[in-house]
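K.L.:
Each chain, letter by letter, is given below.
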Amino acid sequence: MAYVATRGGEQAIEQAERLFRAEMGEITPERVAEIKTALPYLIDRVMGEASLYDEDLAALALAQAGGDLYEAVLLLRAWRTTQPRLHVARPIDQGTLFTHRRISAAFKDIPGGQVLGPTLDYSHRIIATDVLEGARYIPAPVTPAATPAPAHQPSVAAWQAENDLVEMPGFDETAPEDIPDVTREPVLFPATRAHRLQSLARADTGATLALGYAAMRGYGQAHPTVNELRLCEAEIIVTHPKGTAFSAGRVKVSQAEVVSKKGDTLELGFAATLGWNEVKCISAATLDLNSKGAPKGSPTEEEFYLYHTEGVESSGFCIHFKLPHYVTFQSSLDAMRSAKKTSKTAEKTSTSKEPAQ
Amino acid sequence: MTHPHNLCLTTLARSDACAIKTFGEELLDHLDPVEVLSSRTGLVMLPMRDTAQGTGFHLGEVLVSEAHIRMGAHEGYGMRRGRDLEAAMAMALVDLALDAGRAVADCTAFVSEQAKMQQAQDHDTLCRVEATRVDMETF
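Order-wise, the sequence lines are chains X and V.
If you count the first sequence from 1, position 247 lands on 247 in the UniProt record's numbering, and the numbers rise without skipping.
If you count the second sequence from 1, position 13 lands on 13 in the UniProt record's numbering, and the numbers rise without skipping.
In short, the hints are calculated from the structure, not lab data.
Hints are supplied without guarantee of correctness; some may be wrong.
As the list claims (entries may be wrong) - Pairs of lysine to any residue, SDA-like flavour, derived with a Cα cap of 25 Å:
1) Lys242/X - Leu85/V
2) Lys36/X - Gln121/V
3) Lys242/X - Glu137/V
4) Lys116/V - Gly95/X
5) Lys36/X - Lys21/V
6) Lys116/V - His240/X
7) Lys322/X - Leu69/X
8) Lys242/X - Ala73/V
9) Lys242/X - Asp99/V
10) Lys242/X - Pro4/V
11) Lys242/X - Ala105/V
12) Lys242/X - Lys21/V
13) Lys242/X - Gln121/V
14) Lys21/V - Gln83/X
15) Lys242/X - Val104/V
16) Lys108/X - Arg83/V
17) Lys116/V - Pro150/X
18) Lys242/X - Ser112/V
19) Lys36/X - Ala19/V
20) Lys242/X - Leu28/V
21) Lys242/X - Asp135/V
22) Lys242/X - Arg83/V
23) Lys116/V - Thr143/X
Just chain X, same shape as in the assembly:
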């Protein structure tokens, strides 16, 4: 390995950054507010991948990065490191989630019923081109029901356990402060389940979908059915200095449970993330479901998918290839030329030694 020092790029670098930023113009509080209001699902995706929940910061990061998701997530992950951790909240239990959407594709008549919530699942995908010709797109208002939905919905898995279809999990007594944390310690393989689920919660959506989709298409051992999918809000339960537990506010959370038949029982895969992001949760739960016994190097093997769905690391590694590799590439060229020269010389020698026909 060798390095050469070069200079002369300072002005180009300065102007290149200015060119990038000039294209996007002024960033104002109004622009940030508009991004936050108009693009909630993008904000959710960025917050989930950044593993940092704050809509204002996520909107600002998107504005500053011009919508480049990897740059936005990197900005947020970097900013996060400047902040102290004040508390570890009380773990969220499914039964306490303020639920906006909760469906099952496995069972029609689940306790609590099927509540679609906000979704485009059954809508025609038609782009409103009239807007480009000056018209306004005004969404039709919801006709509210006379009585409210229950804020909390029962667990589908608990109902299945009552019917001997799945085993109810035991209670994890790990104190919140002692739960393994990938932001404080490296992930080692085989990973703890806590590390796996945390890594999936902050994984890149596209990468998670790609590998989850591979499993769904047949490159995995189990075909998923959505047992339960929820979009909800969770309370952040913290403790007052006098010991009173209270909620410091709510955050949007999505979670998916997928199920597959194994022998005479059902196996579950699980994933959740900050913000509302169904595709990521279903894909991640599919990877979780398929992990057990996955062949080495397959898309559903834990080490494979956890390494390749970490967006900041993978995008960072990808873009590092744009940086000067002059010495290493020159070295490759030298090796190639040398090999060619040796080959030609050998050929010549070999030809000259060839007896005349």
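Place chain V on chain X using the hints.
P.N.:
Leaving out everything else, chain V in the frame of chain X:
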């Protein structure tokens, strides 16, 4: 009627930022000088329990604002989601006032009003959610 401490804090943490800041300003007239122990932004790690195997894991961190103040033997504490330090401080002032027995009627009325608004908001949300319930008919 005073509210239990946990409900009071939960309501204040979710209250309208402008309203609590205005109310906090008004409360200062009822309080002696306060000592600020902390006023900062920071993170709260949010764990969750997985429903497949029951494992606790970290979902991610939430940005919060925290304020901790003292007035003699009394303390006030505020923590709210987001980076609004003034709103967290206003929450701590209400908590302090209630702890010290100052302007209790005003504080209680403010908390009641905010709680009522939050309940109405949740009711409205859940009525809209209920409108999306599938009334399944099997043929």
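K.L.:
Next step is simple, just say for each hint if it's right about the structure.
P.N.:
We went through each hint and held it up to the structure:
no. : hint                : verdict
1   : Lys242/X - Leu85/V  : holds, 21 Å
2   : Lys36/X - Gln121/V  : holds, 20 Å
3   : Lys242/X - Glu137/V : violated, 53 Å
4   : Lys116/V - Gly95/X  : holds, 24 Å
5   : Lys36/X - Lys21/V   : holds, 23 Å
6   : Lys116/V - His240/X : holds, 23 Å
7   : Lys322/X - Leu69/X  : holds, 18 Å
8   : Lys242/X - Ala73/V  : holds, 13 Å
9   : Lys242/X - Asp99/V  : holds, 11 Å
10  : Lys242/X - Pro4/V   : holds, 13 Å
11  : Lys242/X - Ala105/V : holds, 22 Å
12  : Lys242/X - Lys21/V  : holds, 23 Å
13  : Lys242/X - Gln121/V : violated, 30 Å
14  : Lys21/V - Gln83/X   : holds, 24 Å
15  : Lys242/X - Val104/V : holds, 19 Å
16  : Lys108/X - Arg83/V  : violated, 43 Å
17  : Lys116/V - Pro150/X : holds, 18 Å
18  : Lys242/X - Ser112/V : holds, 22 Å
19  : Lys36/X - Ala19/V   : holds, 22 Å
20  : Lys242/X - Leu28/V  : holds, 22 Å
21  : Lys242/X - Asp135/V : violated, 47 Å
22  : Lys242/X - Arg83/V  : holds, 23 Å
23  : Lys116/V - Thr143/X : holds, 23 Å
Violation of the numbered hints given earlier is confined to hints 3, 13, 16 and 21; the remaining hints are satisfied by the structure.
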